[in-house]
Amino acid sequence: MSLEILRAGLQTTVQDLGRFGAAHLGISASGAADSLSMRIGNLMVGNPENTTAIEMTLTGDTILFHSDAFIALAGSKFKIDLDEKPFPFWSGTYILAGQVLTIGPTLNGARCYLCVRGGLQVKKIINSASTHLTSGIGGLNGSILKKGGRIAFGNLDNMIQPIKNMENFPSTDTTTIRATKGLQWDWFDNQNRKLFFEKEYQVSTLSNRMGLRLSGQSILSSKGNEIITEGMPLGAIQIPGNGQPILSFVEHQTTGGYPKLANVISADLYKVGQLKPRDQFQFQLVEFPEAEKARLEQENYIRSLKVHYR
Amino acid sequence: MALNHTPQFVPASDQSVLVKFGEEISNEVHQQVFTFYHFILKMPIKGVINIHPAYASILFTLEQNAGLHKTLTLIKKSWKASTQMRIPEARQVKIPVLYGGEFGEDMDRVSQHTGLDPVEIIKRHQGGSYLVYFTGFSPGFPYIGGMDPSLSTPRLTTPRKQVPAGAVGIAVEQTGIYPLSSPGGWNLIGQTPIKIFDWPHPTDLRVRMGDSIKFISVTKEEFDQLKENVT
Chain L
1 MSLEILRAGL QTTVQDLGRF GAAHLGISAS GAADSLSMRI GNLMVGNPEN
51 TTAIEMTLTG DTILFHSDAF IALAGSKFKI DLDEKPFPFW SGTYILAGQV
101 LTIGPTLNGA RCYLCVRGGL QVKKIINSAS THLTSGIGGL NGSILKKGGR
151 IAFGNLDNMI QPIKNMENFP STDTTTIRAT KGLQWDWFDN QNRKLFFEKE
201 YQVSTLSNRM GLRLSGQSIL SSKGNEIITE GMPLGAIQIP GNGQPILSFV
251 EHQTTGGYPK LANVISADLY KVGQLKPRDQ FQFQLVEFPE AEKARLEQEN
301 YIRSLKVHYR
Chain R
1 MALNHTPQFV PASDQSVLVK FGEEISNEVH QQVFTFYHFI LKMPIKGVIN
51 IHPAYASILF TLEQNAGLHK TLTLIKKSWK ASTQMRIPEA RQVKIPVLYG
101 GEFGEDMDRV SQHTGLDPVE IIKRHQGGSY LVYFTGFSPG FPYIGGMDPS
151 LSTPRLTTPR KQVPAGAVGI AVEQTGIYPL SSPGGWNLIG QTPIKIFDWP
201 HPTDLRVRMG DSIKFISVTK EEFDQLKENV T
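In the order they appear, the protein sequences are chains L and R.
Throughout the first sequence, residue numbering follows the numbering used here, covering 1 to 310 in sequence.
Throughout the second sequence, residue numbering follows the numbering used here, covering 1 to 231 in sequence.
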């Protein structure tokens with residue numbers, strides 16, 4: 001069983017939930033940029049949450065299925081047709097061998113996931129199939145999917161019942177992103193902290209899976225812009241010398257030397273994965289207990305899907 | 001042996017904890033970081049999925065479901081237990097380097113900045129005893145301390161689009177080896193024929209945290225004999 005890329009999207013990669021346990025070797029996790037959507041998409045076709053799927057960015061691919069398949073599209077809504085007829089979103093659907101799925105430009109956020117029952121059959125490196133574009137590994141030859149690329153699917157045997165008729169989807173509102181105090185919070189005075197959370201930031205076109213460059217209010221550090229290099233958390237908001245924040249994302253470097261003013265909370269990382277170049281948004285400061293509560297609530301939400309819709 | 005002061009344990013995000021041993025780059029602080037690092041590699045902590053060691057700290061990334069406070073307490077306990085462990089002895093690693101010529105394109109630039117001739121640069125670069133503080137930033141990249149400060153040279157103003165795997169360079173007061181071909185702004189003074197990092201065997205690092213390393217000058221013939229192809 002396999003699928004074939006007839007026309008490549010803008011930046012389509014093979015992803016799972018990431019490559020863990022190798023940060024001490026300098027290897028960051030990578031994984032789906034909007035992992036929440038990918039987990040739900042997998043559940044919709046009866047896959048375990050961490051099953052290998054396809055991540056599309058801004059514009060999707062045209063895909064020919066060489067065999068029957070049970071698929072679901074999750075994440076941001078893109079323009080999608082099956083043999084030139086509209087195709088449902090957020091819903092497990094059977095398609096037949098020879099049918100062509102055309103995924104066009106986004107109608108909303110940055111990323112859309114194609115999950116296939118049985119998962120994609122891609123060679124794993126350190127227990128993960130995730131493409132790490134910066135390092136050129138994982139997925140199909142460590143690269144974005146190209147025209148003619150062919151991927152086998154349906155090899156999993158630990159399948160579950162697909163969930164159906166979902167009603168409550170994750171919020172697609174990306175105008176507010178919550179963040180906790182960063183490791184170098186005390187490098188910034190009250191005025192700069194206030195400005196950071198009051199002003200709107202725009203996602204620069206130079207953003208990618210490694211990091212999002214933000215443009216807007218410059219933030220001044222009172223202690224300079226170089227720390228003794230230390231570990232970099234996912235979602236860290238770093239302030240380099242030019243004062244324009246950089247948000248570390250899924251392919252981030254494992255260590256870094258800029259001071260970190262704040263850190264996006266885990267429960268809002270999926271929203272970062274849906275931010276497009278030129279999107280505007282604002283940060284909102286929350287305390288650690290609230291951030292952790294939001295994370296555990298999100299985990300409970302995923303668990304409830306498995307229970308209710310089985 | 002330096003006394004082990006209790007490090008700081010602070011949340012870095014709602015899903016990560018930083019253990020900070022000091023505010024300086026020194027062998028003393030490194031020994032404390034390395035001891036704990038060594039301990040947790042052998043005795044993993046429940047709820048931790050990634051560890052990022054650095055000069056004076058270790059960052060722990062937690063599982064999606066792990067409690068922040070609970071895991072922080074486990075990390076503290078683990079650190080306490082680790083202080084009973086003897087510091088592992090540093091491995092001695094020799095890195096063959098073919099200096100200058102086509103493999104050290106920036107030798108002249110380093111020469112101009114330092115006022116030293118290439119023979120003296122090679123002598124001083126080989127003469128140092130180096131410590132690998134940690135591996136970080138990108139796959140297999142070793143943070144190496146101990147270069148003779150007289151070799152200090154600023155980074156290239158325009159980084160190269162492609163630096164070959166094994167390139168040995170100088171950036172300000174640091175020397176380093178590129179484990180993989182990548183863009184880079186270091187002054188290239190030579191190249192090692194050995195594989196520093198290999199994707200099929202990612203845990204098998206030739207140069208590891210805590211290693212003591214020596215650079216050994218080799219001839220073109222020796223270089224060709226030792227050459228390993230990076231995959």
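No wet-lab data here; the hints were simulated from the structure.
Incorrect hints may have been included.
To be verified - Straight-line C-alpha distance at most 25 Å; calculated DSS-like pairs for lysine-lysine: (1) R:LYS80 <-> L:LYS223; (2) L:LYS293 <-> R:LYS195; (3) L:LYS293 <-> R:LYS46; (4) R:LYS195 <-> L:LYS124.
Said to hold, decoys possible - Computed spacing ranges between beta-carbons, pair by pair: (5) L:GLY142 <-> R:PRO159: 20 to 26 Å; (6) L:GLU297 <-> R:LEU41: 32 to 38 Å; (7) R:THR73 <-> L:LYS194: 32 to 38 Å; (8) L:ASN190 <-> R:THR6: 46 to 52 Å; (9) L:TRP90 <-> R:THR73: 35 to 41 Å; (10) R:GLU222 <-> L:PRO105: 52 to 58 Å.
Virtual Cβ for every residue (Gly too), placed ideally from N, Cα, C.
Outcome of the hint check:
1. Taken as a hint, the LYS80 (chain R) and LYS223 (chain L) pair is broken in the structure, with Cα atoms around 32 Å apart against an allowance of 25 Å.
2. In summary, the hint linking LYS293 (chain L) to LYS195 (chain R) is not supported, as the alpha carbons are separated by about 45 Å, beyond the 25 Å threshold.
3. A threshold of 25 Å between alpha carbons decides the hint, and for LYS293 (chain L) with LYS46 (chain R) the separation of about 20 Å falls inside it, so the pair holds.
4. The suggested pairing of LYS195 (chain R) with LYS124 (chain L) holds, with an alpha-carbon distance near 22 Å, which does not exceed 25 Å.
5. Evaluation of the 20 to 26 Å hint for GLY142 (chain L) and PRO159 (chain R) yields a pass: the beta carbon distance comes to about 22 Å.
6. At roughly 33 Å, the beta carbons of GLU297 (chain L) and LEU41 (chain R) sit within the given window of 32 to 38 Å.
7. The supplied range of 32 to 38 Å is met by THR73 (chain R) and LYS194 (chain L), whose beta-carbon atoms lie about 33 Å from each other.
8. The hinted range of 46 to 52 Å is not satisfied by ASN190 (chain L) and THR6 (chain R), whose Cβ atoms lie roughly 30 Å apart.
9. Look at TRP90 (chain L) against THR73 (chain R): about 40 Å separates their beta carbons, and that is inside 35 to 41 Å.
10. Checked against the given bound of 52 to 58 Å, the beta carbons of GLU222 (chain R) and PRO105 (chain L), roughly 56 Å apart, stay inside it.
Consistency with the previously given hints fails for numbers 1, 2, 8, ordered from lowest to highest.
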